[in-house]
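**Student:** Protein chains in written order, with the working numbering: chain S, 882 to 1171; chain Z, 7 to 415; chain L, 40 to 366; chain V, 425 to 666.
Honestly, the hints are just simulated from the structure, not real lab data. Fair warning: this is a prediction, and the values are worked out from it, not measured in the lab. Heads up, a few of these hints could be off.
[Unchecked claim] Under the rule of at most 16 Å between Cα atoms (straight-line distance), these lysine to aspartate or glutamate pairs were calculated in the EDC-like manner:
hint, chain 1, residue 1, chain 2, residue 2
1, L, Lys184, Z, Asp149
2, V, Lys496, L, Asp235
3, V, Lys496, L, Glu247
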Amino acid sequence: MPDPAILLAGVLNGLLAGGIYVLVAVGLTLIYGVLHIINFAHGSLLMLAMYAVFYLWRLLGIDPYAALPMVIAGSFAFGFVLYRLLIGRYNHGRDENILLITLGVSIVVDNAALLFFGGDTQTIDVTYAGSFVELGAAFLPLPKIISFAASLLLCLILGLYMAKSDTGKAIRALARERQGARLVGIDVDKLFAVSYGIGIACLGAAACLLMPSYYVTPSSGHAFVLVAFTIVVLGGMGSFVGAAVGGFIIGITESLGGLILGEQLGQIGISLIFILILLLKPTGLFGGAR
Amino acid sequence: MTSQGKFPVSRRGFVAGSSALAAGTLGFPAVLRAQPAAVKVGMIHPVTGFVAYNGQQSRLGGTMAVEDVNKAGGIKSMGGAKLEALLGDSQSKVEVGVSEVEKMNEQGVAAYIGCYQSPVGIAASQAAAKYNTPFLIDVGASDLLVSRGLKNVFRLKPGFGVCVDDGIASLGALNKAAGGVAKTAVIVHESGEFGTGTAKLLAGKLPSIDIQAKELIAHDNPTRNFDNIALRIRSLAPDIVMMSNYGNEYMLLARTLYQQKVNVAGFFSILGGGFNYKFVKEMPDVAQYMMDVNHWFNPRSAQAQALKKRVEDGGALFTFEVYLTYTNVMLLADSLERAGTADKEKLTAALASSTFKAELMPYGPTRFVNGQNQGGRPATMQALKGDIEVIAPAEFASAKAVFPKPKLN
Amino acid sequence: MNVPSSWRVPLLATGIAAALAYPLLVPNYLVTVGMLVFFTAFIGQSWNIAGGFAGQTSFGHVVFFGTGAYTSTILQVTYGWNPWLAWPVAMAAGGAVGWMIAVLSFRAGLKGSYFALITLAFAEVFRILANSVPFTRGGLGMLIKADPRPENFQFRDPIWIYYLAFVLCAVSILIAWQLTRSRFGARLVAIRENEDAARALGIDVFAEKVKVLTLSGAMCAAGGTFYAQKYLYIDPSIAFGVDKSVEMLLVSMVGGAGTVFGPLIGSVALTGINEGTRWLAGIVPALKNVQPLSLVVYGLMLILIVARLPDGLMGLFRRRPKAVPRA
Amino acid sequence: MLEVRDLSKSFGGLKAVDGASLDVRRGEIVGLIGPNGAGKTTLFAAIAGFHRPDAGHVAFEGRDITGLAPYKICAAGMVRTFQITQPFAAISVRENIMIGAYLHTGDRRLAEREAEAVASRVGMGGQLDQNGADLTVAGRKRLELARALATGPRLLLLDEVMAGLNPTEIGEIVEVIRDIRAAGVTILLIEHVMQAVTSLAERVYVLNQGRMIAEGTPAEIASDPGVIEAYLGHGAAKVLRA
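Input sequences plus hints: build the corresponding full structure.
**Tutor:** Take a look at the structure:
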């Protein structure tokens, strides 16, 4: 057992890592909550957004944080169009077809990225990458603190949007009662596309916040998918608050599991939490009735 | 069509009759030219999937070498026969790699080169063994590759066993020269075949140079976050950090250790996947003073420098995959030259008895024992001021090592 | 199938005859491809029996595959068993894992995507464990010594492993066919269509689901042993990687989930597309160095199939009811 | 034959059924009526094993079946249908009914013959090859009935088999139910509409807000002030009498 100062630092590291997980998971949980589908293209679309951030920086010199609005808007548009043109049009009303389409999209996107961007690892070297805040035994890198704060803020904005705006309310109504929403005259198909778009926009945000401390390759997005699923299940599928809290819990678990059990075995912690939650409380911490 | 062993004649007849048909329908054109038939070389690499970059680099080196051999007049003992590269994608999958072997066998390859990932290489070379076709392992760290008693498998580069031995030797020398400042080490490695094997060997051999391995830390591929490993290392306060992992994790780990101000006398990696020109140029501060024991070209070889320039002029990086595959094609060409035929048995014999001089590499004369070249050895490099310098072995060195590295402020 | 019943027997006989004659007529490469088609159809069918017939969609079927591969390999390499003898044990182990996962998850009442995700998590736990425990040799993987003798489950000529894969596939199709005409199968379909109604009609839903996952697990484990014997090397990411799970689900769904011939047809189509696009990339000079393109085409074909044939390729042969609107 | 004693079931603080009791005797047709949300379906579900009751007992043919799994209760000879029909959409009517018939036989041909016989009993003989998803509302109701019947029950719990049907269809299904009873099956049926019950049932129970408020012949029930109030609101009985 490592000493308490290290454990505390581990908790802080976990919290910071959780910040990014939250964004990825919020997108996933929204798509699941509304569309009841598991988005197999999640990792690939995250990767695509990461390349967008990278090329904005490389070609136009735009700082990843400054690129946030642009990438979020672009990701939203991409998700919206993808749903409208492909997923919504060709699923023939079947969930399993959506699954296959998102799987197909994932294969196409991954390999198109390989074709156009090449396979090598790309990183962004920003001047503040090396800055850090010292807190006890922990050295907290500035980019991770920024990403933590920004991700909280973005989640808050999204939460408010979902709670207050008409579109947000309609989406939540849709998530709860699909037939009902159709009956009261909500344009269900458009809202599905909007929801998918918002889900992908969250990935855009995550990409901006990730790039200063991570890297991108055509397969780098998938690293975040399983952990995002875990968070979504932990928080309760379809629950925003759940995804936020779940993200931090998983971040800390991963961190402490790694410190205590060793990095490799520590990853088991995530999967075990996943299994235990499903077995004991499948609705998750914040999920309503299934 | 080389059918194997005991098999009902009827089928052989079938196959012979149908292979012409198959060739026609499948569009494998029979080469009928005035000049001698080209010698087909099957190159199987993972050019899609997780390690696509590495596979593509290998393919780049391989195709350049084929061009060079042909430009220089082909295989002279075979009447100037040209080499023809058949390019295969293993998709990082064992099944697909084996399927490529079978496909290329139909196309009549004289030898294979591949496969980057050891598991794919193990299965693919096993499949090639059925046809007694030589299989040159260009990249592939596992010693399982050359410990199966397969007569057709050759590996020019050293396995990780040798890399660990050489690494231990050069680290020991450096440490001795520095007055034994390093007494403890932490080993960070990827959890697969390559990292685990390397780390275990390292941990066993470090005591021989008076360094104790305090801990072995395994991590998954991919790892999203190395903050905790950095934290753990800082709390263990070793004198050196040793690493064995693939490109992305290597880079991310190095950057995290730098960001987290992990202050040690040196970073020393064995086959550090990310230790390349891109890394030291894009992150000079992170890379500064990092050391790596790896496959490296001989910096004093004019031919190597010329190839490096050609590759870089083409917009690519001169990574070890490029010149390892390049060199393997050259080894094959040399053996073909000596065998004077593409006959598999004779070619295998020529390879087995090869004394090929790997011009690009800091190797001694080639001598295969059970398929493993005994002359192959890695180099020890250090990143210095945004460039990579060879610091050992001495006869190839381009700079003097800085060890221990200056403390961070 | 909508095929007139008088055609069925001749059609089937022709199919079997063609499959038997095929390896005699084509070069070894295509024999290997044929072997892969049947092998993938076989593990696809193991998925289909649980995922297609009983509607228990799993994302982590590879957990059974890997259990089978590791069980037989450990018995053979570490304990010197004959692989043929180790095969049934591997199947039993796969069945046991299926039973365990089923009991745990169905007792907890998991359905739909919840069940799918828990299987994914189990596969991940098994992968990490295989990477960490000593008896699997961790990340070093396990190598089976090449010793091509039939009594050793290794064959010098690819034709025999082709026939073995064919037999496995045929047996799995027989099992699926039996499901379409037995009480057990009817109950599985009832469970897939509506669990409450099934329960009301006297079906012990829990027991039937446990049974089917045990059966499916045992079948899939048989595929794992077959794979290990064919390729002679396994490591945690080969044996428990998510790729294989996706492959099983993909061939079944593309072919037509819950149909007898769906996995086979899906496997023929997907393997065909994959080999075909790779072959094209190999011979068209302009495409020589753009291998990823073949996978792009593969992905597009997948989307196209779904867009045009919502019931999978089997939809070409039969009429299925319109989808019930998603509630 | 069926004894329900002081059965209670609540969902998160809301008492859906509160100490309800009822009896069904062999050969009877018994009606259970009550306004919307009275707890009829919950009571049914609790009797048939779909909800475990919080309190009370259910006995079938003298055997305590409280909290037994539905499939066991079905095997014991009591089967329910669903108010919202639950056809197996992707399979044919024949296969739907066979699922029920499989309760007593593992033989496919036997189950098939049984299914065909049951189908003609409920007037679906001509729809055997239609898919469950393609049926009309009336067809689905019949299918519910047929499937349940195929399990060979001695007591049938029918949950609003007439809801959503037009008068002609109701007339037909009433005949079918009579025939079923004539063949020796006891029936407990839930209906929201009182008229439908009066023509069928010998005795009627009335459930309101989870409590059993009346029991008697249809005529007695029709004139019970408590029942009228339950249906039409407080004070309604007085108004009607005036």
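**Student:** So which of the earlier hints does this model not fit?
**Tutor:** As far as the earlier hints go, not one is violated by this structure.
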